[in-house]
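J.: Let the sequences and hints guide you as you build the complete structure.
Chains A and B supply the protein sequences, listed in that same order.
In this text, residue positions in the first sequence follow our numbering: the first is 1, and each later residue adds one.
In this text, residue positions in the second sequence follow our numbering: the first is 1, and each later residue adds one.
Be aware that a few hints might be false.
[Unchecked claim] If the Cβ cut is set under 10 Å, some of the chain B residues that face chain A in the computed set are:
#1 SER18
#2 GLN37
#3 LEU45
#4 GLY99
#5 PRO101
#6 ASN103
#7 GLN105
#8 ALA109
[Stated by the list, open to error] Pair by pair, the computed Cβ-Cβ distance ranges are:
#9 B/TYR10 / A/ASP58: 28 to 36 Å
#10 A/SER40 / B/VAL54: 29 to 37 Å
#11 A/SER12 / B/THR76: 38 to 46 Å
#12 A/SER26 / B/PRO100: 12 to 20 Å
#13 B/SER114 / A/GLU3: 28 to 36 Å
#14 B/ASP56 / A/ASP78: 37 to 45 Å
Worth flagging that the hints you see were computed from the coordinates, not collected in a lab.
Bear in mind that the values here come from a model prediction, so they are computed numbers and not experimental data.
All C-beta atoms in this analysis are idealised placements derived from N, C-alpha and C, irrespective of residue type, glycine included.
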Amino acid sequence: QKEVEQNSGPLSVPEGAIASLNCTYSDRGSQSFFWYRQYSGKSPELIMFIYSNGDKEDGRFTAQLNKASQYVSLLIRDSQPSDSATYLCAVGDMRFGAGTRLTVKP
Amino acid sequence: EAGVAQSPRYKIIEKRQSVAFWCNPISGHATLYWYQQILGQGPKLLIQFQNNGVVDDSQLPKDRFSAERLKGVDSTLKIQPAKLEDSAVYLCASSLARGPPLNIQYFGAGTRLSVL
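T.: If you want it as C-alpha cells, here you go:
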C-alpha cells in the first residue's frame, strides 16, 4: 500500500510568519510531487510541483524535496490570512495525503 | 482555456438508488482521473484513464462503481446501488499525460453527493 502522510494539524501561524508543511511518502519510485491548496467547499488548486531533489521557489512558496529521506515540504513565507486553507500533498501516481489545515491569524 | 467541467454540482439520492456523474476534461488532455473526497480527508483516486483505456482502477469498488471514457474525451462515473458511505465530493481532474512533466492535474469543481 503506497502511503502519503501529512500532519493533519491544524497549524496556526501569525500573519507574516513562515508556515512549514511536511509530507512523507512510502513509494521510493515516485518521480513527481505536488502541493495543492484547497479552500473549504472548493476543489484543489495547484500551488507547486517539484521533480528534482532540492528547493524550488515560486514567489512566497518554496517546495523542498529529499528523495533519500522520502519527504517533501512546503514553506510559505510572509503568511497571509488568505493562505488559510487545507494543503494537500500528492505524490507520483496521484496518491494524496489527508491534508494539513493551516490558519493564518491576523 | 476552458477548465474541467463537471455536472451535476449537487446530487441527493436515497440509498440503493443509482447516480451518474459527468466530466469533460480540458481539451487535449489525455489523462483523466476520478477522485472521491470524503469530508475531512484527502482525495482518494478511484480510477485513472489514459485516452479511453484504464490505467489504474485498484481503488474502485467495482461491485458498485463503474466508469467509462468513450472516445477518450468525456467520462462518466456511476454508482449503483449507492450506500450511505458514498456521500462525498466526486472530483474529476485531467492532465496532458501521465508522467512528469506533463502530469500536472487540473480539477473540476466537483459533484457533492449526499446519500440519505
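J.: Hints first: check each against the structure and report whether it holds.
T.: Taking the hints in turn, this is what the structure says about them:
The interface hint given for B/SER18 is violated, since its Cβ lies 24 Å from the closest Cβ of chain A, which is over the 10 Å cut-off. Because the closest C-beta pair between B/GLN37 and chain A is about 9 Å apart, less than 10 Å, the hint holds. The closest approach between the C-beta of B/LEU45 and any C-beta of chain A is roughly 5 Å, which is under the 10 Å cut-off, so the hint is satisfied. The interface hint given for B/GLY99 holds, since its Cβ lies 7 Å from the closest Cβ of chain A, which is under the 10 Å cut-off.
Using the Cβ-Cβ criterion of 10 Å, the hint placing B/PRO101 at the interface with chain A is satisfied: the shortest such distance is roughly 7 Å. With 10 Å as the threshold, the beta carbon of B/ASN103 comes within range of chain A, its nearest partner Cβ sitting at about 6 Å, so the hint holds. Interface hint at B/GLN105: satisfied, since its Cβ lies 7 Å from the closest Cβ of chain A, which is below the 10 Å cut-off. With 10 Å as the threshold, the beta carbon of B/ALA109 comes within range of chain A, its nearest partner Cβ sitting at about 6 Å, so the hint holds.
Distance hint check: the CB atoms of B/TYR10 and A/ASP58 are about 34 Å apart, consistent with the given range 28 to 36 Å. Evaluation of the 29 to 37 Å hint for A/SER40 and B/VAL54 yields a pass: the beta carbon distance comes to about 32 Å. The hint said 38 to 46 Å for the Cβ distance between A/SER12 and B/THR76, and at roughly 41 Å that hint holds. Distance hint check for A/SER26 and B/PRO100: the Cβ-Cβ separation is about 19 Å, which falls inside the suggested range of 12 to 20 Å.
Here the CB-CB span from B/SER114 to A/GLU3 is close to 29 Å, well matched to the stated 28 to 36 Å. Remark: the range hint 37 to 45 Å for B/ASP56 to A/ASP78 is upheld by a beta-carbon distance near 39 Å.
Hint violations for this structure: number 1 only, all remaining hints satisfied.
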